[in-house]
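A.B. asks: Following the hints, complete the assembly by docking chain B onto the known chain A.
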Amino acid sequence: MSTLLEVSGVSVSFDGFKAINNLTFQIAEAEMRAVIGPNGAGKTTFMDIVTGKTKPDSGRVLWGEKSVSLLTLSESRIAQEGIGRKFQRPTVFEDQTVADNLMLALKKPRGPLSVLRFRPSRADHDKVAQLAEQIGLENALQRKSGELSHGQKQWLEIGMLLAQEPRLLLVDEPAAGMTPAEREHTTELLVEAAKTRAVVVVEHDMEFVRRLGCKVTVLHEGSVLAEGSLDHVTADEKVIEVYLGR
Amino acid sequence: MVDLSLSATRRPLVTRYPSLLIFLGVLALFTVSVTILSEGFGIGVISTSFVKTLGKTLCLCLVALAMDLVWGYCGILSLGHMAFFGIGGYAIGMWLMYARTEIIVRESLAAAPLPPTPQEISDGIAAQIFGVVGASEFPPIWAVAHSLPLQLAAVVLVPGCIALVFGWLAFRSRVTGVYLSILTQAMTLALALYLFQNDSGLRGNNGLSGLQNLPHLDHVSQSTISIVFFWASALALGLGYVLCTWVISGKFGSVIRAIRDDEARVRFLGYSVEAYKLVIFTFTAVLAGIAGALYYPQAGIINPAEIAPIASIYLAVWVAIGGRGRLYGAVIGAAFVSLLSTWFTGGQAPDIDLGFYTVNWVDWWTVLLGLSFVIVTLFAPRGIGGLFDLISERRSPERHGADLGPEPGALQEREADR
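Chains as they are written, first to last, in my numbering: chain A, 1 to 246; chain B, 1001 to 1418.
In isolation and in its complexed conformation, chain A is listed as follows:
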């Protein structure tokens, strides 16, 4: 499988604090990866760098077959390239309906003038309905998304990510604050998504990571400490010391 995203030798520091220190990371197409690590290990900063929110001091971030450098692109350009991001806190547009939220995310031209002229077709409505069904919100399409429960908002956000049809999905703690049943559904959604695209899940919860059943990357102090199956990394001496032992 070819490499979709390649991060190599990336470092970034904030006021002298090295948030990311010579980080190297690769992910292939249609691969699921869990990123774990203690607080301050640089998980969120890593996502910020890939999505263009933070510019690293050094290193390379290459994307796709053509190895485009993502470092020169703006956040919106990177999103258009096919990288979708889900934040820790569910961020949906609460003042708008579930259908509006999904329609907003649907993969369509993003320029102001084409959006001004855009009128959704039958197919677009069907696509929105289908996505809503996938995330279990088919009966809430016309509800304001601010009325949804915490778990439903998380799903709506995942639905919006899927609507974008990204090639790489970055998901920050998707199961935080969810009931066991909701977690189950979230796991299914992510595993299903990973069949056709790369998915990177940042997670604290080991049980959740175990259920994803994928390769795990352990971050510590801004660089990769260990990589491999969950059983492999949890048996690693260094990992036990910095992460599990604490």
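Heads up, a few of these hints could be off.
In silico DMTMM-like cross-links for lysine to aspartate or glutamate, where the CA-CA straight-line distance does not exceed 20 Å [claimed, not checked]:
(1) Lys-195/A with Glu-165/A
(2) Lys-55/A with Asp-15/A
(3) Lys-53/A with Glu-1274/B
(4) Lys-108/A with Asp-124/A
(5) Lys-108/A with Glu-1274/B
(6) Lys-55/A with Glu-6/A
(7) Lys-215/A with Asp-172/A
(8) Lys-55/A with Glu-1274/B
(9) Lys-53/A with Glu-173/A
I should point out that these hints are in silico values taken from the structure, not numbers from a laboratory.
Treat the numbers as computed from the prediction; the structure is a model and nothing was measured.
C.D. replies: Then chain B, alone, in the frame of chain A:
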């Protein structure tokens, strides 16, 4: 496959926005009633000066509409839109003044033994217009003042270009919230201070005057002209309202409201937030310019004080009192507050004698306005327009105390609940 009423966005504009039809109906009724009651075309109950006041109010409603689009919908608290309004006024005022002065100069030179050369006419006009600031030559910005089509183009292009350049610089530097508001205030202040200078080429603090006298139309009475401008203002407001409704409908409106509520998230969806802000900022600046071009011929005079920062703050106050985030709210706010302001500052409001102190409304009106702004912001953030929710029972999310978005200019919980 589930099929709910998803085709909601495919219905015609008026069925999705019933307020559009109601608004246009009320505006048409108002326009016809005023015409019937006017001196020019009707029974003369309403004086010509009051027709002008009403016409000017319609122009203020139009600029309030622009403000609501940029602030209420897109979350950019611009405190500089009255500058664009003023620029529109100056642009049309230059032609009005030039053309009228030209007639006067030609008449006075007609008696001369030799027919005047174009240069003599031009010098004569310049001396007439710029005599008050001690100059007698046309500054470069008057180059096309002789041409009505070009000055009309300037009404649209000058505010548009200034907004485009200013917005591009501000938005691409990611200036948001209160810093952007301060920046727009600085722009307005700089423009006003520049225009106050005598050598700015626009007659300094004298401004442009006599704009109510249309060239070649001396034989037409002001009562007729006032009604024509009143109709033009009503038409512009009606068209502006339809245009704004169209812009906020559909996906574009969805994107700009999303920018208001969480612009970082919109960026990660792949939308260029800066480009959208720039489009809205420029479009509303053009709208403001057009409103100004209709306002000042009715006001008769424009001077740099009209562009002072306070004017733009008033605009924000009108929209806040009327209810931002809904177009009719902005119109109601502008009409209500500006007419009330006319009444209070016109000396018509009776003074209140407290025995030890007499409340003179000409002085105390601004205090009252400031207080009502504070009260509306604190206790009725949805403004006057919020009253309509009592009838329509508009549903809004229960947000459990969370903000609608991180942008300081964004709608907050209090506005969203109930």
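A.B. asks: Run the distance test for Lys-55/A versus Glu-6/A: straight-line Cα separation, threshold 20 Å.
C.D. replies: OK: Lys-55/A and Glu-6/A at ~16 Å, within 20 Å.
A.B. asks: Is it true that the CA of Lys-55/A sits at most 20 Å from the CA of Asp-15/A?
C.D. replies: Cα-Cα ~14 Å, so holds.
A.B. asks: Is the hinted pair Lys-53/A and Glu-173/A satisfied, with a Cα-Cα distance of at most 20 Å?
C.D. replies: holds (18 Å)
A.B. asks: For Lys-195/A and Glu-165/A, compute the direct alpha-carbon distance and say whether it is at most 20 Å.
C.D. replies: holds (13 Å)
A.B. asks: Checking one constraint from the list: CA of Lys-108/A to CA of Asp-124/A, max 20 Å. Satisfied?
C.D. replies: Roughly 10 Å separates the two Cα atoms, so the pair holds.
A.B. asks: CA of Lys-55/A to CA of Glu-1274/B, is that 20 Å or under?
C.D. replies: At roughly 19 Å apart (the allowed maximum being 20 Å), Glu-1274/B and Lys-55/A satisfy the hint.
A.B. asks: Quick one, are Lys-53/A and Glu-1274/B close enough, alpha carbons at most 20 Å?
C.D. replies: holds (15 Å)
A.B. asks: Checking one constraint from the list: CA of Lys-108/A to CA of Glu-1274/B, max 20 Å. Satisfied?
C.D. replies: Status holds; Cα separation ~18 Å.
A.B. asks: Is Lys-215/A close enough to Asp-172/A, meaning Cα to Cα at most 20 Å?
C.D. replies: Cα-Cα ~16 Å, so holds.
Figure legend: structure checked against the earlier numbered hints; every hint is met.
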